[in-house]
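Asks: Just so you know, the protein sequences line up as chains A and B, in that order.
This note's numbering runs 164 ahead of the 1-based position in the first sequence.
This note's numbering runs 4 ahead of the 1-based position in the second sequence.
Just so you know, the hints here were simulated from the structure itself, not pulled from any lab data.
One or more of the hints may lead you astray.
Unchecked claim - 20 Å max Cα-Cα, derived SDA-like pairs, lysine to any residue:
#, chain 1, residue 1, chain 2, residue 2
1, A, LYS479, B, ARG104
2, B, LYS213, A, ASP477
3, A, LYS479, B, ASP176
4, B, LYS202, A, TRP480
Stated by the list, open to error - The following residues of chain B were derived to be distant from chain A, with all beta-carbon distances above 10 Å:
#, residue
5, LEU39
6, THR106
7, ASP173
8, SER194
9, ASP198
10, ARG288
Since the model is a prediction, treat every value here as computed from it, not as a measurement.
All residues carry an ideal CB built from backbone N, CA and C; glycine is no exception.
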Amino acid sequence: MEFSGLLVGAALAGIMILIFSVGMMTMKSQGIGLYRAEEYKLYCVFDQGLGLRIGTKVLVKGVEVGRVSELALTEDSRVQLTFEVKKQFSPWIVDSSQVYATRDQNLIAERIINIVPPLNKSKLHHELPEGSTLIAGDAQDIETVIQKAVALLSTADTLAQKTNVILSNALDPKSTLGALIMSRELYDQLLYQVDKVDQITSHTERMIGNVEMRLPPLLDRTDSLIGQVGRVGVKLDTISTQAMGLLHSVDTTLYATNQIMGDLRILSRGATQMLMDGDAKIEKADNLMTGLSSFWFIKNRIPKTDSVPLLGDEKW
Amino acid sequence: MVKGIRTFALACLLATGFAPAGETGSFANRAQKLLANGQYSDALRMLHSALQASAKEADLVGEQRIRIDIAQILLHHQEYGLADSLLASVPEAKLDARARLTFIRLRISMYNQQQQYVEAARYFEEHRALLNDDIPEGLHAAILLEGAVAEVGNKSAGSLDTLWDEVDDLLDDDGPGMTAYAKARIADLSGSQDEALKQYNTALGCAQKSLHSWLAGQILYRLGEITKDTTESAAYYLRAAKLFLQLGLDRPFVASAEHYQALAQDDKELAVALDQARERLNARQ
């Protein structure tokens, strides 16, 4: 009896030691409690903090190196993020590293913070000390891309309006007829504006191209997610309200994405049209110049064959 | 009868009015406007077109005038070798009276700019007899003023008083800028620095007012050279450099910017522009 009691006691003690060891190992691997890894703080300032929260993962090349520990608004209405990063990863976080907020796996996944080390390895990079601020890159998710596309196209629209104003001025003979005949300024202005519109449109089209290129894999992943959720539902044999809600969200997201792509195409078509308008405007200005030059009262002022001027002979 | 004469006169007037404009003149006039606007490269391109048009129209007089105009632009670029060879290709004897005098002014000016005062004075004396009352006052005065600078540079200023009298008669207080500029250069060459500074500043004001940008740049550069105070001198060089940069005149820009950099702290934008201008000059050589 005494022996069996001892045996039970030893077994219990063994189990407790085992549980304690497993617990300690887990704590060590998670870096919590006594085994909390040495960390340091870094900052980054973003335009938007949408989808970011305390606890958001911070990754370097897919490896989790820390978490977001604080979000705060700055005086100029931007968002300052504080990262707590494990000290052991400090060699990969240098002065020219860039920070992006992006989605981890698919369109509906949580956002993560991705620190991208510099591409140019031959250049000398300095490890960032505690309290440094990292360079914020543009967010690489569809919302931000679209926001930027819309902003760019609205700039393009403003420029096109300016081009219109220039042309209207040109058409007013009282104000700029002289300039039309004697100076290239009008043309240069017009060309400059149209060139800007062209640059912006190309930029936007490139961006849309990127979105189109990136979207199919994202959609594929979302599809497989739906499949997984469906399979889980079948296994459980009871589809909970939450799962239904999730499926509904996925569906809404896909629908919204389609809408967004449609909008982007329309915007792109608008920008292209604007560019074509710009071309047409230049041609019109050119025709106007030719037409006006043939009026007799202007033609009379155009020098005759034998009136080649000699430069710099006037009094001053 | 009276009605018939009136109709004929009106027809003649209209016919003159509707006379076709030659391409050569059209291009050359546009070049003149561009140059007045400080658009040197556009002006040069336009003159090139004028030169081609003159060949098409077999307009020999126009062609020679355009060559002279191009040489004038090359002088502003301080491309003396090119300007000289271009002027050498112009048959002086075949020029019309006005073009020939502009040619003479340009040659004296070119020698003076390179401080070749012996050649300038000699050339001026050789051609002085051509100056008569029939030529435009501005051109006449310009030749005399360049001649006066050449004479002082050559230390043969015996006829200087006569020259001034002639200039006064011609200009009659008109053209204060060109007179002040010549006086400044003469004072400069004679070592009267205070007078030179005063006259250069007067000339600078006139050049700015009459939009003679290149001349304004030349004056600023020279003010930079003769001003003793380093900060003031650097400021003049910087203004000259910025002006020449805007005009697209690389050689004068490089000279002004280099002087500025020697006197003042580094200006990053200027340094970049300087490197680019040097590259362009090297590519042209």
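Asks: Could you run down the list of hints and mark each one as holding or not?
Replies: Against the structure, the hints come out as follows:
1. As the CA atoms of LYS479(A) and ARG104(B) are separated by approximately 18 Å, the hinted pair is consistent with the 20 Å bound.
2. Proximity of LYS213(B) to ASP477(A) is assessed by CA-CA distance (about 17 Å); at most 20 Å being required, the pair is judged to hold.
3. Proposed proximity of LYS479(A) and ASP176(B) is supported: the alpha carbons are some 11 Å apart, at most 20 Å.
4. Restraint check: the Cα-Cα separation between LYS202(B) and TRP480(A) comes to about 18 Å, which is no more than 20 Å; the hinted pair holds.
5. Its closest Cβ contact with chain A, about 6 Å, brings LEU39(B) to no more than 10 Å, contrary to its assignment away from the interface.
6. For THR106(B), the shortest C-beta to C-beta distance to chain A comes to about 4 Å, within the 10 Å cut-off, and the non-interface label is violated.
7. Every C-beta of chain A lies more than 10 Å from that of ASP173(B), the closest at about 14 Å, which supports listing it as non-interface.
8. Taking the minimum C-beta to C-beta distance to chain A, about 23 Å, the non-interface status of SER194(B) holds against the 10 Å cut.
9. Against the 10 Å criterion, ASP198(B) stays outside the reach of chain A, whose nearest CB is about 24 Å from its own CB.
10. Consistency note on ARG288(B): stated as away from chain A, and its beta-carbon is indeed over 10 Å from all of that chain's, at 22 Å minimum.
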